[in-house]
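Colleague: With the hints as a guide, dock the two chains, each given alone in a separate frame, to form the complex.
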Amino acid sequence: MTGTPTTNEPAPDPAPASANAAGPRERLSRRRLFGMAGAGAAVAGVSAAVGVAVSRSESVTTVTDAAAEVVPFHGEHQAGIVTPAQDRMHFVAFDVTTRRRDDLVALLKAWTAAAERMTTGLEAKENGAVGGSPQAPPADTGEALDLPASALTLTIGLGASLFDDRFGLADARPPKLIDIPAFPGDDLDPRRGGGDICVQACANDPQVAVHAIRNLARIGFGKVAVRWSQLGFGRTSSTTRAQTTPRNLFGFKDGTRNLKAEDVEALREHVWVQPGDGPDWLVGGTYLVARRIRMHIEIWDRTSLVEQEVIVGRAKGTGAPLGQVDEFDEVDLRVGGAGGEPLIGENAHIRLASPEALGGVRLLRRGYNFTDGSDGLGHLDAGLFFVAFNRDTAKQFVPMQQALSSKDVMMEYIEHTGSGLYAVPPGVRPGGHWADTLIR
Amino acid sequence: MTRIPTGLAAVGAAAALLALAGCGGSDDTAQTGGGGPIAITASDDSCGVARNTADAGTITFEVTNKGQRVTEFYLYAEGDRIMGEVENVAPGLTRRLIVEVPEAGRYQTACKPGMQGKGIRGDFTVSGQATKQVDSDAKLAEAAKSYQRYVNSQADALLTRTTEFVDAVKAGEVEDAKALFPVARTYWERIEPVAESFGDLDPRIDGREADLEAGQEFTGYHRLEKDLWVSGLQADSPATADRLLTDVNEIVTRAKAVELTPLQLANGAKELLDEVATGKITGEEDAFSHTDLWDFRANVDGSRAAIAALRPTIEERKADLLTTLDAAFAAVDAVLEKHRRGDGFALYTDLTEADVKEMAAVVDALGEPISSVAEVVVSP
Numbered sequence: 001m002t003g004t005p006t007t008n009e010p011a012p013d014p015a016p017a018s019a020n021a022a023g024p025r026e027r028l029s030r031r032r033l034f035g036m037a038g039a040g041a042a043v044a045g046v047s048a049a050v051g052v053a054v055s056r057s058e059s060v061t062t063v064t065d066a067a068a069e070v071v072p073f074h075g076e077h078q079a080g081i082v083t084p085a086q087d088r089m090h091f092v093a094f095d096v097t098t099r100r101r102d103d104l105v106a107l108l109k110a111w112t113a114a115a116e117r118m119t120t121g122l123e124a125k126e127n128g129a130v131g132g133s134p135q136a137p138p139a140d141t142g143e144a145l146d147l148p149a150s151a152l153t154l155t156i157g158l159g160a161s162l163f164d165d166r167f168g169l170a171d172a173r174p175p176k177l178i179d180i181p182a183f184p185g186d187d188l189d190p191r192r193g194g195g196d197i198c199v200q201a202c203a204n205d206p207q208v209a210v211h212a213i214r215n216l217a218r219i220g221f222g223k224v225a226v227r228w229s230q231l232g233f234g235r236t237s238s239t240t241r242a243q244t245t246p247r248n249l250f251g252f253k254d255g256t257r258n259l260k261a262e263d264v265e266a267l268r269e270h271v272w273v274q275p276g277d278g279p280d281w282l283v284g285g286t287y288l289v290a291r292r293i294r295m296h297i298e299i300w301d302r303t304s305l306v307e308q309e310v311i312v313g314r315a316k317g318t319g320a321p322l323g324q325v326d327e328f329d330e331v332d333l334r335v336g337g338a339g340g341e342p343l344i345g346e347n348a349h350i351r352l353a354s355p356e357a358l359g360g361v362r363l364l365r366r367g368y369n370f371t372d373g374s375d376g377l378g379h380l381d382a383g384l385f386f387v388a389f390n391r392d393t394a395k396q397f398v399p400m401q402q403a404l405s406s407k408d409v410m411m412e413y414i415e416h417t418g419s420g421l422y423a424v425p426p427g428v429r430p431g432g433h434w435a436d437t438l439i440r
Numbered sequence: 001m002t003r004i005p006t007g008l009a010a011v012g013a014a015a016a017l018l019a020l021a022g023c024g025g026s027d028d029t030a031q032t033g034g035g036g037p038i039a040i041t042a043s044d045d046s047c048g049v050a051r052n053t054a055d056a057g058t059i060t061f062e063v064t065n066k067g068q069r070v071t072e073f074y075l076y077a078e079g080d081r082i083m084g085e086v087e088n089v090a091p092g093l094t095r096r097l098i099v100e101v102p103e104a105g106r107y108q109t110a111c112k113p114g115m116q117g118k119g120i121r122g123d124f125t126v127s128g129q130a131t132k133q134v135d136s137d138a139k140l141a142e143a144a145k146s147y148q149r150y151v152n153s154q155a156d157a158l159l160t161r162t163t164e165f166v167d168a169v170k171a172g173e174v175e176d177a178k179a180l181f182p183v184a185r186t187y188w189e190r191i192e193p194v195a196e197s198f199g200d201l202d203p204r205i206d207g208r209e210a211d212l213e214a215g216q217e218f219t220g221y222h223r224l225e226k227d228l229w230v231s232g233l234q235a236d237s238p239a240t241a242d243r244l245l246t247d248v249n250e251i252v253t254r255a256k257a258v259e260l261t262p263l264q265l266a267n268g269a270k271e272l273l274d275e276v277a278t279g280k281i282t283g284e285e286d287a288f289s290h291t292d293l294w295d296f297r298a299n300v301d302g303s304r305a306a307i308a309a310l311r312p313t314i315e316e317r318k319a320d321l322l323t324t325l326d327a328a329f330a331a332v333d334a335v336l337e338k339h340r341r342g343d344g345f346a347l348y349t350d351l352t353e354a355d356v357k358e359m360a361a362v363v364d365a366l367g368e369p370i371s372s373v374a375e376v377v378v379s380p
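Chains A and B are the protein sequences, given in the same order. If you read the first sequence in the numbering used here, its first letter stands for residue 1, the second for the next number, and so on. If you read the second sequence in the numbering used here, its first letter stands for residue 1, the second for the next number, and so on.
Same shape as in the complex, but just chain B (with noise of 0.2 angstroms):
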């Protein structure tokens, strides 16, 4: 798992909205279209605003509340969709708010006085255009199809397996259940982005020991893999397995649920592999039953998956980005199928030095043209 449960959701969407705000990495925010910030005048009754028109792109307001009660000031869109806001202006304070607006069109400035009801509202017209990135490639709302097809596949099979898996547990079929714990770990690692994004289950459901907060119970696949290779099936091993298939189930309805992105889908190939650098390489994902590698094998499927889902894109924009991730992919799957044994593969304690730096070698390979994907997806 990763550590904190946030990656693909919370990240993904905050860095969404700052692409869309325009503050990426760029050193021009404080330019504002038609002239230096807008002073705005708030007081317990008014909201004076120095100027109600601008140019499309960035805005910067600049807050000053000469009231006695805290205030609030609103940039908001049509049907009251807030465009920026920035909360908690004590009286006698200045604050600034920075608000990206591609398209021109009626807008609506707002104080609130106490931080209630709907303000006082001004009218404020943007007019021009600003470059707008336009997302109507074909190509990618078939690639995000075709992935959430693919992930509503693994999701199935997760639910499945791990329902097996559950049932050895509970049966007290020891060995039965230490086979099917790698089964059931592949469907998971191999859409672990898209898990992830629901940062209250990863913790519950693939949550490592050395991860847990105080006062955090260790539950889910890596509780009952301390049980079964390590402590001994215990007292609470069939309660644990009982709420590890009510969270994978619940997690499975929400992954089928969830509409991804095509940036998204870029960003799941790369975060698989920063898994497998981080967390598989190294052994820390399985530490009692060592089957890292199985997981280490369906992270790499599931990058696949996201980067096959693409392909048409990149195959468009950037060939040479294809051929090059055609070689690394083939070069983990060589390295990795040595260590296949029959249905599934060495335990990570059987590796030598030589073995887990040659696979580190083309991890690190494939890692870092599919941190490129992202960018060939975004620019056309």
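This is chain A alone, in the form it adopts within the complex (with noise of 0.2 angstroms):
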């Protein structure tokens, strides 16, 4: 963390006047901000010397960048869902070791508690780093100490397992909460899926992640235990119209088409749970669909350009439909090119997977890309984590992922290998905690 500029930065200007083409986020580089944290933990370790205690926003408040941009915790529905997707995700799924009530009720209020810290920039506990007694382990894990909020958000959701006799949370299962099928082509791994509670955090800094998922594993111990955790190294979908289409592994534009925070009616339909949805505890909530997908990118790196467009459906380089121009131009299904053979194939990826096709059906898609070392057979074990919230599984992701796996062509290219579903509760009132419409 003590990296300074590199040529290949841009040069530092603490106020940029205006909008940068490049967007926000991309205004301050991590390494820079590595470099303050630097000089920011040089300043911590001092004012720890004198017993003063130094919060990570107080270090960095002539921040005023995006990087440093703070995510309300509270609200009517949980954040990180339609909040404009950040760059970098931490996902972890937790097993329930206890069987006591009362211990997973505690759990709940001290992991919101901490949620709500971290997410405004500091420590998971007052004076946790580095203000606490030097004869105790510090309550904060400090590595995040001197980084700013970094639109930090952390999303909770309840995993089916979660709702049998130990919680006495049997009658609470929603209907909807259900037991997703299997499909062809499913390599599922037993170890990349499940759980009886999943957290989702994301961050414009990876550092911050991690930071949040490993206090909030650590506050766990003796309650939960980490099931299984995925990495995320850069958004896969836009959520808001500000943000440009991100690009995944395949190197097209994904999520063009995805639902948008803008679009408020959409979003009630097919992601907000509604009251008479049942149960009454999930109303404003929603379900997190969570898939590893593995990509054979050195399969697809080989694939012509022209089949790989005709796979997906657009052009690679500007990400317009065929037949169409820019990017954001409607998708016209109902084009045909030589022959009369439509230009989107009939197993084209944005054919099957259109709300056309599917009888008006959509997602929220915020899923991530990520790469886990090596398959051990000289390949990048690369993919994409795909998160999507829907408002009814059974008639949203799961005819849509029936429709894929049986039709698109992409699947030659990838294999789903951990799969997880979760119900996740209204967002939090202030004095409230994560879930309590549900268990207080």
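Please note that the accuracy of each hint is not assured.
As the list claims (entries may be wrong) - Label pairs and their computed distance ranges (CB to CB):
hint: 1; chain 1: B; residue 1: Arg-341; chain 2: A; residue 2: Thr-244; range: 53 to 61 angstroms
hint: 2; chain 1: A; residue 1: Gly-222; chain 2: B; residue 2: Ala-346; range: 30 to 38 angstroms
hint: 3; chain 1: B; residue 1: Ala-331; chain 2: A; residue 2: Arg-166; range: 39 to 47 angstroms
hint: 4; chain 1: B; residue 1: Asp-326; chain 2: A; residue 2: Asp-326; range: 39 to 47 angstroms
hint: 5; chain 1: A; residue 1: Glu-330; chain 2: B; residue 2: Ala-104; range: 30 to 38 angstroms
Claimed, not checked - Derived EDC-like pairs (lysine to aspartate or glutamate); straight-line CA-CA distance at most 16 angstroms:
hint: 6; chain 1: B; residue 1: Lys-357; chain 2: A; residue 2: Asp-375
hint: 7; chain 1: A; residue 1: Lys-395; chain 2: A; residue 2: Asp-179
hint: 8; chain 1: B; residue 1: Lys-118; chain 2: B; residue 2: Asp-167
hint: 9; chain 1: B; residue 1: Lys-178; chain 2: B; residue 2: Asp-227
hint: 10; chain 1: B; residue 1: Lys-357; chain 2: A; residue 2: Asp-381
hint: 11; chain 1: B; residue 1: Lys-338; chain 2: B; residue 2: Glu-315
In case anyone wonders, no lab produced these hints; they're calculated from the structure. All residues carry an ideal CB built from backbone N, CA and C; glycine is no exception.
Modeller: Written as structure tokens, this is what we have:
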């Protein structure tokens, strides 16, 4: 964390006068932040020595940048869903190891308190990293000291396995918290799926996201244990119209037609659980579908450009649907080329995944690119950690994935290796705690 | 098998279309010879064409439906050959059609209110000449014929060996059937991309249990493989065997009739290597018998046969690629032959992690250069 700006980084410019064409998130390089972090750490060390606590936010008050942005933790819905997709993610699923309901409630309260702090750029606990007793292990792990909030969001979800007889929640299980069926071509690793509770941490700095998950896991020792986790290094969806559409590891713009935060009406219809959907505790919540999708990128890279474009149904450069000119031109599935063959093929990815082909079904996608080292055979273990939010998984994600898994030629190049479905409780009110509409 | 039964046929055809339409990776699809999109104003009884001449190349039409009925718009070449079309244009909507017209000539526009009949026609004249890929290369024509002969010979052997395998299954001769299983599959795997292009038959013949859709019956080679190695012959094993033979018979007939382009040969050679990399090296193909290395060998054989057919063309256009390919094939052979046991191969389960890694490395080393053959074939 003592890196200094290098020549290929933008020159330090603490106050960009106007909006940068590259987008606000790129105005301040991470390396530069790290440089400042180094300085901040020194300050923190000094202040600790004289017994004065310095919070993370205080040490970076000069940063008037998107990286320092604080996303409100409280609200009608949890943050991290329609929040503009941050650049990085750390996702974790826990097994609850305690069998005492009181322990679980206490944990949810402790987690909420820590999440409220961390999402504003503070340590997990007051005086956590260095301000406590010198003889005690610090209450905050410290690696995010001096880093700004970085738009950190923490989003909790509850897996079907939580609703058994351990905590008296069996009757509260949402009927729509289904077991996702097996799809053709699935190669699911049980060590990469399921779990009683999931937490999605998203931030514009990977260290901030990892710090948050690490501290939640630490607070949970004895009550929960990490079952699996996944890092994502680059967002693959935009969730607001202000964001540019990023690219997945196939090199294509991904999520052009995604539901956006601005589509309030559509979000109500496709994402947020409404009164009457059942159960009442979940109203204002949603369901999170997680799929770890391994991409055989080496094979994909040997595929001709024209074939890649036919498989996806878009031009790789512009992102325009085939037969159109610009990325956001309407997808026209009824245009034919020579011989009347549809330009967007019958098995093209964007046709199969389109609302038109699925009876109007839409999802809010919020996935991330990942690489997890190598596969031991000389290839990168890389892919897309698909995260989507929907209101009724059996009617939204499942039919879409059924269509894709049986017809999408892209399936030749991918494999689903992990899966999870979680009920995401509504947002937390000030004074409340995560999932308090269910358990308190 | 591939999970999605389209491979060579659907994508290949669509890709060819797209390449022809000039959309492949280009950002210039909006440009229209002779300046700007041509407005088509369709009503229930008229078809206004703002301009009925254009230069050869990419022509963009903007079709607006001012009528009450859903309409369609077509550009026809002589003999009502469709150059491009946009369907289902609802009243009040404007839709775009980008057509690649490489040759000068007389064409016709047509609006079809109610999406019926011959439509309201108008003459449309294209002048000039766009550059067009001419495929008159005699070597390439011979390549396609040569590979066709290979497909025919393998298809015949596939039928013979599958008949023997099916007979053994029906006679309850489990050990004979087990011995014949990887042999019959060898001929299938050698011409797999061709066989797979028949999307309806491939899942029935070569479907893997893990790839079945809900409600889909588990049939074909791998169903019998499971019976022979795991569950024992079942009451319906003979019927499954009969059906396999019927399907193989059908696919052999079709494979012999298919006409392959040089581009399809090149892509087929690559796809066979992809199959090895994703299915055989991981031991997923023959999950019960573990005879994956037979299939591996056969895929490589088939890939080499396609490259052999294209050899004169590659030699002429990019000789160093041929040198690379020869060396890479030889490296795969050397590794594979280490695991030869008599007429066959070691079982996948007998391989060490280091063995598998070594195989993956040589397959990758071949897959990368083989993926550049298609470009050599299409761009003289």
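Colleague: Next step is simple, just say for each hint if it's right about the structure.
Modeller: Taking the hints in turn, this is what the structure says about them:
no., hint, result
1, B/Arg-341 - A/Thr-244: 53 to 61 angstroms, "holds, 56 angstroms"
2, A/Gly-222 - B/Ala-346: 30 to 38 angstroms, "violated, 49 angstroms"
3, B/Ala-331 - A/Arg-166: 39 to 47 angstroms, "violated, 57 angstroms"
4, B/Asp-326 - A/Asp-326: 39 to 47 angstroms, "holds, 46 angstroms"
5, A/Glu-330 - B/Ala-104: 30 to 38 angstroms, "holds, 32 angstroms"
6, B/Lys-357 - A/Asp-375, "holds, 10 angstroms"
7, A/Lys-395 - A/Asp-179, "holds, 13 angstroms"
8, B/Lys-118 - B/Asp-167, "violated, 55 angstroms"
9, B/Lys-178 - B/Asp-227, "holds, 10 angstroms"
10, B/Lys-357 - A/Asp-381, "holds, 14 angstroms"
11, B/Lys-338 - B/Glu-315, "violated, 30 angstroms"
Of the numbered hints stated above, those contradicted by the structure are hints 2, 3, 8, 11, listed in ascending order.
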